[in-house]
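Taking the hints into account, I'd like the entire structure generated from these sequences.
Here the protein sequences line up with chains W and C, keeping their order.
To convert, take the position in the first sequence, counting from 1, and add 2; that gives this note's numbering.
To convert, take the position in the second sequence, counting from 1, and add 380; that gives this note's numbering.
Among these hints, one or two may not hold up.
Claimed, not checked - Sample of chain C residues facing chain W (criterion: CB under 8 Å; computed from the structure):
#  : residue
1  : I445
2  : P446
3  : V449
4  : A452
5  : V456
6  : I457
7  : T460
8  : V464
9  : R467
10 : F468
11 : A470
12 : A471
13 : P474
14 : L557
Unchecked claim - List of simulated lysine-lysine pairs, DSBU-like, C-alpha gap at most 35 Å:
#  : chain 1 : residue 1 : chain 2 : residue 2
15 : W       : K59       : C       : K478
16 : C       : K442      : W       : K32
17 : W       : K4        : C       : K503
18 : C       : K550      : W       : K116
19 : C       : K550      : W       : K93
20 : C       : K478      : W       : K67
21 : C       : K478      : W       : K148
22 : W       : K106      : W       : K93
23 : C       : K442      : C       : K392
24 : W       : K59       : W       : K106
25 : W       : K49       : C       : K478
26 : W       : K148      : W       : K64
27 : W       : K67       : W       : K133
28 : W       : K49       : W       : K133
29 : W       : K39       : C       : K478
30 : C       : K392      : C       : K577
31 : C       : K503      : C       : K443
32 : C       : K478      : W       : K106
33 : C       : K478      : W       : K116
34 : W       : K32       : C       : K478
35 : W       : K177      : C       : K550
Claimed, not checked - Calculated from the model, a selection of chain W residues having no Cβ within reach of chain C, i.e. all distances over 12 Å:
#  : residue
36 : G53
37 : A58
38 : Y61
39 : I79
40 : G87
Source of the hints: derived by calculation from the structure; they are not laboratory data.
Remember, predicted model here, so these are calculated numbers, not experimental data.
Virtual Cβ for every residue (Gly too), placed ideally from N, Cα, C.
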Amino acid sequence: MKLSVRMLVVLTSVGLLSGSFLATVGRLTKERIELNKQREIEAAIIKVVPGTESSAKLYEEKDFKVYGGKNQDGTLIGYGILVSGIGFQDKITLMLGSDISLTKISRLEIIEQKETPGLGAKIEDEDVFLKFWEGRDCSRPLSLRKPAVRTAEELAASEVNTITGATISSESVLKIVNDSVERLRRLINEGQIQKGEQDAH
Amino acid sequence: MPTRSIGQEYIKGLWSENPVFRQLLGLCPTLAVTGWVINGLAMGLATSFVLIFSSLVVSLIKKLIPSQVRIASYIVIIATFVTVADRFLAAYFPDISKDLGPYVPLIVVNCIILGRQEAFSSKNSVGRSLIDALGMSSGFVLALLVLSSIREILGSGTYLGHQVMGSWFKPWIIMILPAGAFLALGILLGIALQIEKKTKSRV
Numbered sequence: 003m004k005l006s007v008r009m010l011v012v013l014t015s016v017g018l019l020s021g022s023f024l025a026t027v028g029r030l031t032k033e034r035i036e037l038n039k040q041r042e043i044e045a046a047i048i049k050v051v052p053g054t055e056s057s058a059k060l061y062e063e064k065d066f067k068v069y070g071g072k073n074q075d076g077t078l079i080g081y082g083i084l085v086s087g088i089g090f091q092d093k094i095t096l097m098l099g100s101d102i103s104l105t106k107i108s109r110l111e112i113i114e115q116k117e118t119p120g121l122g123a124k125i126e127d128e129d130v131f132l133k134f135w136e137g138r139d140c141s142r143p144l145s146l147r148k149p150a151v152r153t154a155e156e157l158a159a160s161e162v163n164t165i166t167g168a169t170i171s172s173e174s175v176l177k178i179v180n181d182s183v184e185r186l187r188r189l190i191n192e193g194q195i196q197k198g199e200q201d202a203h
Numbered sequence: 381m382p383t384r385s386i387g388q389e390y391i392k393g394l395w396s397e398n399p400v401f402r403q404l405l406g407l408c409p410t411l412a413v414t415g416w417v418i419n420g421l422a423m424g425l426a427t428s429f430v431l432i433f434s435s436l437v438v439s440l441i442k443k444l445i446p447s448q449v450r451i452a453s454y455i456v457i458i459a460t461f462v463t464v465a466d467r468f469l470a471a472y473f474p475d476i477s478k479d480l481g482p483y484v485p486l487i488v489v490n491c492i493i494l495g496r497q498e499a500f501s502s503k504n505s506v507g508r509s510l511i512d513a514l515g516m517s518s519g520f521v522l523a524l525l526v527l528s529s530i531r532e533i534l535g536s537g538t539y540l541g542h543q544v545m546g547s548w549f550k551p552w553i554i555m556i557l558p559a560g561a562f563l564a565l566g567i568l569l570g571i572a573l574q575i576e577k578k579t580k581s582r583v
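This is the structure we're talking about:
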């Protein structure tokens, strides 16, 4: 066989074989991988909207998804916003829980972050950061308390604590939260997301 | 090439030709994912899987591949197994897969793997290539384990997630940062070189 033909035949067959092999592997693992993602989101909704028994996706856009948490009777009890925004060095993905009137934050969960370990990565820390978000008043934009305080009682209703040494990461999370609450409020006002009357699916 | 016994073929990957400590190959994942032992171990095993199967396939079809397109063929073969490893981790170990992030797909460009195909599997029998790949993999896993053990114990005071240091211990955060990887690897390379010198001078 001529060399050029042989090169062509070899490369084509290597490509075809590996392609079909990967197609099989992809099909075999696809379901499980999607299930994993689904499970992670469900677990986060249950955490951020206390009392959730089932959940439904209400709205989807790139880097901005809204889920509704429902109680046993299927009534909507809160929203879970899955949103990504820019942090100190990379994207931060978080899940924010609020009540249906968008006046109170029930909980904040960090889904994915690549902030500086030991400093900005503390946005995942319950005692330093996350617990200060519970029950905050989000009817108007939240602000940061600087320097940080020790207990949630020292904060005003719409204030959250800053992480000492990681102001930029704290501000990034604050901006993501404020923007997404605002965005959801607009969507509800525009009627793109209806309050409390979704079909369960 | 001097003929080695099967045992020597395996052992060389552990020490005298250890990919990390002696050949300084594959340093990107070595530095990037060794903050915690579990991640280092997962990366080591994923790389081993890719290396062993790539060596097997390459040594099997080495006579069929014209030398002009060998690198392209090797890369396709390697990338295939990397994708398999990536999907497998995402499906069965989602947490580890999330932690390792882009470093699993990046195994494709790990020099150890392409290096072994070019330097060994394309010239040796299937059996020897397998032994060589096993040895190199063990050496790589070993290096990652040593490095990640040092970094996790000093950087977080834990081992495989279990607290091993007393409450008096204040974690050295620098050890889980990139700088800590360079420091630990540098010191380990220095020690490896010293040991090598000592054993050489005795011979």
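Against the structure, the hints come out as follows:
no.: 1; hint: I445; result: holds (6 Å)
no.: 2; hint: P446; result: holds (5 Å)
no.: 3; hint: V449; result: holds (5 Å)
no.: 4; hint: A452; result: holds (6 Å)
no.: 5; hint: V456; result: holds (5 Å)
no.: 6; hint: I457; result: holds (7 Å)
no.: 7; hint: T460; result: holds (4 Å)
no.: 8; hint: V464; result: holds (5 Å)
no.: 9; hint: R467; result: holds (4 Å)
no.: 10; hint: F468; result: holds (7 Å)
no.: 11; hint: A470; result: holds (5 Å)
no.: 12; hint: A471; result: holds (4 Å)
no.: 13; hint: P474; result: holds (4 Å)
no.: 14; hint: L557; result: holds (6 Å)
no.: 15; hint: W:K59 <-> C:K478; result: holds (23 Å)
no.: 16; hint: C:K442 <-> W:K32; result: holds (33 Å)
no.: 17; hint: W:K4 <-> C:K503; result: holds (23 Å)
no.: 18; hint: C:K550 <-> W:K116; result: holds (23 Å)
no.: 19; hint: C:K550 <-> W:K93; result: holds (29 Å)
no.: 20; hint: C:K478 <-> W:K67; result: holds (20 Å)
no.: 21; hint: C:K478 <-> W:K148; result: holds (32 Å)
no.: 22; hint: W:K106 <-> W:K93; result: holds (25 Å)
no.: 23; hint: C:K442 <-> C:K392; result: holds (23 Å)
no.: 24; hint: W:K59 <-> W:K106; result: holds (20 Å)
no.: 25; hint: W:K49 <-> C:K478; result: holds (20 Å)
no.: 26; hint: W:K148 <-> W:K64; result: holds (32 Å)
no.: 27; hint: W:K67 <-> W:K133; result: holds (23 Å)
no.: 28; hint: W:K49 <-> W:K133; result: holds (13 Å)
no.: 29; hint: W:K39 <-> C:K478; result: holds (11 Å)
no.: 30; hint: C:K392 <-> C:K577; result: holds (17 Å)
no.: 31; hint: C:K503 <-> C:K443; result: holds (9 Å)
no.: 32; hint: C:K478 <-> W:K106; result: holds (31 Å)
no.: 33; hint: C:K478 <-> W:K116; result: holds (11 Å)
no.: 34; hint: W:K32 <-> C:K478; result: holds (16 Å)
no.: 35; hint: W:K177 <-> C:K550; result: holds (32 Å)
no.: 36; hint: G53; result: holds (26 Å)
no.: 37; hint: A58; result: holds (23 Å)
no.: 38; hint: Y61; result: holds (25 Å)
no.: 39; hint: I79; result: holds (28 Å)
no.: 40; hint: G87; result: holds (18 Å)
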